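S.K.: Residues per chain are reported as follows:
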Amino acid sequence: MNFEICDLPAHELVSRLKRGEFSAEDALESTLRRITQVEGRSGSLDPGSPGPLDAQRVHAYITVTEDRARRQARAVDEALAAGRDPGPLSGVPLAVKDIFCVADTTSTAGSRILGNFVAPYTATPVARLEQAGAVTIGKVNLDEFTYGSSNESSAFGPTPRNPWALDRVPGGSSGGSAAAVAAGEATLSLGTDTSGSVRQPAAFCGVVGLKPTYGRVSRYGLIAFASSLDCPGPIARNTTDAALMLAAIAGPDRRDATAANTPVPDYVRELNNGVRGLRIGLSPGFLRLRYPDAATGELSEQGVQSEIEQAVRQAAETLADLGAEIVEGVELPSVQFGIPAYFVISRVEAASNLHRYDGVKYGYRFDGPLADLSQLYRQSRGAGFGTQPKLRILMGMYVSGEQYEKRYYERALQVRTAIRRDFERAFDPQGPYRVNALLAPTTPTTAFETGTVYGDSVLMQYADLLTVPANHAGIPALSVPAGLDSRGLPIGIQLMGPDFSEGVLLRIGRAFERATGDQTWRQAKPAILQDLARA
Amino acid sequence: MSEGSSQEPITEAIFQHLVQLAAFELREDEAEYLRRELNAQLTSIRDLEAIQIPDDLPITSHGVPYGPQIRPGLREDEILASGLADGILAQAPKVVDRYIIVPDLPRTELE
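Chain order of the listed sequences is A and B.
The first sequence begins at 947 in my numbering and counts up by one.
The second sequence begins at 910 in my numbering and counts up by one.
Hints listed in this document are in silico derivations from the structure and should not be mistaken for laboratory results.
Source: prediction; values computed, not measured.
Accuracy of the hints is not assured; some may be wrong.
Stated by the list, open to error - If you want the footprint, here are the derived chain A segments under chain B, 3+ residues with CB under 8 Å:
#1 983-995
#2 1204-1213
#3 1278-1288
#4 1312-1319
#5 1414-1422
#6 1452-1461
To be verified - Cross-link-like lysine to aspartate or glutamate pairs, in silico, EDC-like; alpha carbons within 20 Å at most:
#7 B:LYS1003 with A:ASP1313
#8 A:LYS1471 with A:ASP1113
#9 A:LYS964 with A:ASP1023
#10 A:LYS1352 with B:ASP1013
#11 B:LYS1003 with B:GLU1018
#12 A:LYS1471 with A:ASP1050
#13 A:LYS1307 with B:ASP995
#14 A:LYS964 with A:GLU975
#15 A:LYS1471 with A:GLU950
#16 A:LYS1307 with A:ASP1050
#17 B:LYS1003 with A:ASP1023
#18 A:LYS1352 with B:ASP964
#19 B:LYS1003 with A:ASP1113
#20 A:LYS964 with A:GLU985
#21 A:LYS1307 with A:ASP1318
#22 A:LYS1307 with B:ASP1013
#23 A:LYS1307 with B:ASP1006
#24 A:LYS1352 with B:ASP995
#25 A:LYS1471 with A:GLU1459
#26 A:LYS1352 with B:ASP1006
#27 A:LYS1471 with A:ASP1031
#28 A:LYS964 with A:ASP1050
For each residue, glycine too, the CB sits at the ideal point set by N, CA and C.
Okay, chain B solo, but in the shape it has when bound (with noise of 0.2 Å):
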């Protein structure tokens, strides 16, 4: 994969680093495509320094106010049963036992 233009803001080991937080095993071309599509989406999310906004602008964590008139209350803390633990377990990849089976988890013998 090439190194690309140093003035991409995410470089080759930037990228990397995302991959590995990402936990994703890439093709090479495929990485290559996604590197180039991430910095060229940069481009445009720059657009958002040239705006004008008051530093005391407060930020939403969604559009529509849920305001105490349609916010739905507190549901009671009771224990509903579902019945669909069967259901749910059948579509785990692997199961013996009822238990989910998964190959061992990386571990580092101490001294």
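The following block holds chain A by itself, in its conformation from the complex (with noise of 0.2 Å):
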């Protein structure tokens, strides 16, 4: 395949558009290409029935905004032609989940019931993106109001495949953003992560995901599923693109009274700093997992993918080499039950905040006749809402009620307590482990076909089982490429840090890359990518 454009990572191709090697436009020409060819049919409300190239299409994208990212990138050549600097992500195609508002553009969520909504507002991490010079090319694919970890449940179809094998999800719910940068059709993608929602997409399509500490990114204009996990993050090739993505999107923000007020460390500088001398912990809890049974839902001890286990302990040996100090052994008994805490916190919180869709301000109002507004009401959240938004909110409902709370909502927010007490435990200077990072598998197993899991709520919410941990004690994780299994699918580790540690994050990851930059997994390409140079 000849050299695009598209394909290079952000940092490279900022480098080279302000070396004048070709020009933000040429950067948006050589993405909107690779669209046309990769993409097919993007999500819409009613897709009709399967065309036949469908099944050989990525599907990423709900809407490209084509026109408004030609405004922006002429402006980063004007910019650059005046001898002005349009900031660190000049030029550089930004898909963002259509779980953001960004103005002037349709921000769906997913769902029928935003299917029509206009936001009257950008949201601040794709204002700092794009003050940063970021091109936004349009907003990508999700799980229903960020609902799933396949992307399987958007009411927007064909929904997204994994560019790596087109009969398997992409993972979710930011599937459509890891989709998109895999297949070129972005550079870089703003996702979010509630339970994993950034980092089982990036491991399922071989690309870098990173959950930053909560609070460090601001939620204002995102689209809120569970307010007290949610995370902006960011999608990218490589740790040295999702350090400077991070940069840009990072830091207090006066719109959300939960951004922290703390500096934003340089990422980028301190990239290359090494691991010697950190300490690198390994747990079993995270090997050894309690799962359910596809077959009969019991819940029983299994193991992760042994290519998975392989790879993290690889990658373990590789960090010792580079001068890390690896400790076995870190016992974090909480994190097992970080599925059911959050099958009940995150209910909660969702059937909260979806209260406010009701055909009445904003979004899908059914048009049938009406008797009286609780009518109005039932009709439009009854058409307009999926399944699975409609079953959170049912379990939020029930498990918050008066006679329930005590038993289950209680009760999960003191799990929470104890997984962040069993990482903080980990975490100590003082403590019995003292490490500064958590090494684990992103995923239980590689990304799996579409159409065997979605349906199944309780075994598809397994499949961030390793991820969630993380979201409740609110800690950053990183989840990069480590390898490919025997049927060609990335296989992504993980890294998870102290409150604020996405330097480090980024640094154990970028030596891991930089470690493991000439062994032949790194060579391999997307399918989509490999038929795209045959053709």
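With the hints as a guide, bring both chains together as one complex.
M.R.: What follows is the structure, given as structure tokens:
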């Protein structure tokens, strides 16, 4: 395949753009050309029957905002021509998960109930990326309101496919984001991670995904799911790009009272400081899991996919060779209860956040005959929400009912404290382990086949078993590619650290990237790009 | 819709109460699926009861403690015009003279 600007990592694209090798408009055109080649039909509310090419395309986007992108690219080029620096992300093609409001674009949350909603303002992290020079290509698909781990629950079809194996899911809920970055349909993507929704699709699609510390990035303009857990985060091709992107979006925001008032380090400058002297922990709780049997639903202890465990152990050896000290046997006894606690906390918050959609002020309104306002609510919410939001709302109402609140909701909040304390003990500089970071698999399996899990809401939720503990604890976590399984599917490993230690995690990830840079699997390309090269 | 097993904690009656509170109009097959999945999820949620937790373990509203060193201060109590009123009103499904129109409110005539 010939050189394409859209396949460059962001940091290289920016430096070559600033050297005058090509323009921001060239970068945009390259990305739009790739979209034409691999995207197929973008998601819509009435996709009709599957077409003959649907199974061979990615379908990452819901909306491509081409005219807006052209204006932004032109502005970058004009600034450079005038001798001004348009910013650290000058001309970088960006895909925004359609859970963020972007002024004057449809902002759908992947739901019929917001299918016609045009946001009157722009979310803070998107605005910051655009101020840093990024060019927003459009809005990418996701599980409806982010409720899922496969992207199959979106009301907009065809739903995204995994560029590495088109019969498999890209993961979720930021599935469109990870698929777009892997397929060259965007260089960076802004996702969100509530229980793993940045890291799990990043692992499935062979890209880097970072869930920052809760509060590191403003949530202003993010359509809320579970407000105590939601974190906007970067999806990128490597750790340098993730560091660049995090630096652009992090920091206090007067519009979000939970955005932490703490300085943003220079993540890029710290990147190549290596791992010598760092203590990196391995925990048995992240390798032996309590997982539901697909047939019976009974929970039983199982291991992660053996090739994934092997990738984690090889990564530990690599990091040890680079000078890190590996600490085995870090006990985190409460993390195994992350999913049950998440079932409760996330549903209670979802039910609360989704009451605002009523067919009155914005979004979908039932247009048949209506006797009164209460029927308007029932019909609009009944037809506007898909199955997964309904399920979450109903469960949220059940477990927060007066008679069940203590038994379920308060107990889940206590479990969150217990999980947090497990991590605090692991990271405590005076504690028994004193680790700077924990190394674990990102997912129990590699990408699963489309249609094999969707519908079983319990099994689907357990896809987040290894990612959700970091959300409960609020700590940052980074997923990086670490190889391919025997089917050629990407494997992701994750690093978790104390609050606001994103710089350390990115350093470890970068050291791992450099040490494995010449390994064969690093040269592998997603299947759809191999097909393109052969065409 | 089947009555389901008496072992299921979310019975048909409880389910209908939840549906009413949530303000949903549901198809029959959809209701059946939702109730089955809710009961399946509760099986997992009940795992919480097996955990040994000291009764006095405090709850957290989110994982990261918001100490004074990172907590943003209170904003000035001042009015800032958003300039977004027209854009917001433009999203309302039915507007007349800048009023959002809805059907009649449910009401009962008093004797």
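S.K.: Going straight from one Cα to the other, do LYS964 of chain A and ASP1023 of chain A come out at no more than 20 Å?
M.R.: holds, 10 Å
S.K.: Take the stretch 1312-1319 of chain A, compare each residue's beta carbon with every beta carbon of chain B, and decide whether three or more fall closer than 8 Å.
M.R.: It holds, with 4 qualifying residues against the three required.
S.K.: Is LYS1307 of chain A close enough to ASP1013 of chain B, meaning Cα to Cα at most 20 Å?
M.R.: Status holds; Cα separation ~16 Å.
S.K.: Per the coverage rule (Cβ-Cβ under 8 Å, at least three residues), is the stretch 1204-1213 of chain A covered by chain B?
M.R.: Held - the stretch 1204-1213 of chain A has 5 residues with a Cβ nearer than 8 Å to chain B, which meets the minimum of three.
S.K.: Sort out whether ASP1050 of chain A lies within 20 Å of LYS1471 of chain A, counting only the CA atoms.
M.R.: Given pair LYS1471 of chain A, ASP1050 of chain A is violated - Cα atoms ~36 Å apart, limit 20 Å.
S.K.: Taking only the CA atoms, is the gap from LYS964 of chain A to GLU975 of chain A under or equal to 20 Å?
M.R.: holds, 17 Å
S.K.: Hint check: LYS1307 of chain A vs ASP1050 of chain A, CA-CA at most 20 Å. Holds or violated?
M.R.: holds, 17 Å
S.K.: Can you confirm whether the C-alpha distance between LYS1471 of chain A and ASP1113 of chain A stays at or below 20 Å?
M.R.: holds, 16 Å
S.K.: Mind checking the alpha carbons of LYS1352 of chain A and ASP1013 of chain B for me, to see if they're no more than 20 Å apart?
M.R.: violated, 38 Å
S.K.: Are 3 or more residues of the stretch 1452-1461 of chain A near chain B, judged by a Cβ distance of less than 8 Å?
M.R.: Since 0 is below three, the answer is violated.
S.K.: Holds or violated: LYS1003 of chain B with ASP1313 of chain A, Cα cutoff 20 Å?
M.R.: holds, 11 Å
S.K.: Holds or violated: the stretch 1278-1288 of chain A covered by chain B, criterion of 3 or more residues with Cβ-Cβ distance under 8 Å?
M.R.: holds (count 5)
Figure legend: structure checked against the earlier numbered hints; hints not met, in rising order: 1, 6, 10, 11, 12, 17, 19, 20, 24, 26, 27 and 28.
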